[in-house]
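There are 2 protein chains.
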Amino acid sequence: MARSPSGESVLSRAVRIFEAFDADTPAIGVSELARRTGLPIATTSRLVNELIGYGWLRRDADRRIRIGVRIWELVSRASPTLGLREMAMPFMQDLHAVIGNHVQLAVLQDSEVLYIERLSAPGSVRNLSRYAGRLPLHASAPGLVLLANGPLELQDSILTRPLDRFTPNTVTDPKALRAFLGEIRRTGIAFCPGHLDATTTSIAAPVRTVRGLVVAALATIVPNDDAARSIAPAVQATARGISRALGADR
Amino acid sequence: MARSPSGESVLSRAVRIFEAFDADTPAIGVSELARRTGLPIATTSRLVNELIGYGWLRRDADRRIRIGVRIWELVSRASPTLGLREMAMPFMQDLHAVIGNHVQLAVLQDSEVLYIERLSAPGSVRNLSRYAGRLPLHASAPGLVLLANGPLELQDSILTRPLDRFTPNTVTDPKALRAFLGEIRRTGIAFCPGHLDATTTSIAAPVRTVRGLVVAALATIVPNDDAARSIAPAVQATARGISRALGADR
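Quick mapping for you: the protein sequence lines, in order, are chains A and B. Going by UniProt numbering, the final residue of the first sequence carries number 250, and the count climbs one at a time with no gaps. Going by UniProt numbering, the final residue of the second sequence carries number 250, and the count climbs one at a time with no gaps.
Read the hints as simulated data drawn from the structure, not as lab findings. Heads up, some of the hints might be wrong.
[Said to hold, decoys possible] One-sided and incomplete, this derived list gives chain B residues near chain A with beta-carbon spacing under 8 Å: (1) F21; (2) L82; (3) L84.
Note that beta-carbon positions come from the ideal geometry of N, C-alpha and C, so glycine has one too.
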């Protein structure tokens, strides 16, 4: 493997460059990119120019660097999440048409919940999650669904670490969280009024594939009021519809 | 830049590995990957293992290589197309609810039309385009919209090369195509009955941003019958709604 004098591979430097971008900073100047990656400016500039040549990065009108359309295309057309998204989308649209608030699909990634699809509308309630963004497992309804149905080692690991409290309703006590996970497995729904944001209720149900394996969580975010509970059956029914389309037995 | 004895950079080899995947082959064994990229098996295997370490590739249960969730996440959260897609999606959902057939958003990329978003439903007509897939500009309604409003050099380049004929209706004659592009600019709509597939009609309208710049095309695919023409005003009105949300003056 080709390596710099510091022993770091060229690929790992390219990875660091891509890791520097996020939803809040989709465009970065070369010197700022060097600062964020910890790479020398000359190295950053050379790597950026090569990646621009492949269409993996691009330089915008303000000479800032952005993710290129070519890498989006390469990754999206063979996307690890594409099959699941395409199967789920018609069901998500139906639910969105009925409840008129955010409808989201999320998967487990690196002990966090990763949002892989989202339908929103103007006037929907505040939503702290983002497309291709992450949230902690214990504080969001889809995260709790994925944790409740996830590997035991993951549950043990989450239950033995200090958990961030976002609102007074966030479940952070290990004993209470363990009981809540059991309830989510038993009822097939995670109902989280004000767990992450005091003004909203997050509701999620498991999406299953063959042999009942949970591969995703379908979630919605509605106002934190008395009507929220009435949304749960629609979320559950829709998650079952997606599961059946994915080949789940029940 | 670190280079192999052949003078090719490590990055360009990684790029070739990613280029080997597409919608039809989202999973590839290492020897097949070596064959497709033209790289030695040992080199392929070493690069693949390093990329798996970064989460940019992954090895599935059958030991085949797939695109990793981490690179999807990195590219999607700062996606070059995300702002456009998020702005357009509510309008696309409205149009989809009304016409019940494919609704798509496409941009110009490397002299082809690249589909960046798509809503479909079970029972929709056959659709030769794919999410993150491409089609030739001259044979699809969104491609013709983008070509008609694209750079003159691009039009000249397309009009002087031999163009594939997909059906008897595909416009391949340079003079006829030039006239058709003028009509599309004048009317603000591309209406293409059976141009790519004899059984379907593709209809598209331009999506504009500030100063009237065309940044995308909104398209639908409906059955190739007498009712198709009646869909055009809805496509135009929806494209104008997206344009207004993007800050276009008209």
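So, going through the hints one by one against the coordinates:
1. Interface hint status for F21(B): upheld, as the beta-carbon distance to the closest one in chain A is roughly 4 Å, under 8 Å.
2. Interface hint at L82(B): satisfied, since its Cβ lies 7 Å from the closest Cβ of chain A, which is below the 8 Å cut-off.
3. Checking L84(B) against chain A by beta carbon gives a least distance of about 11 Å; that is not within 8 Å, so the hint is violated.
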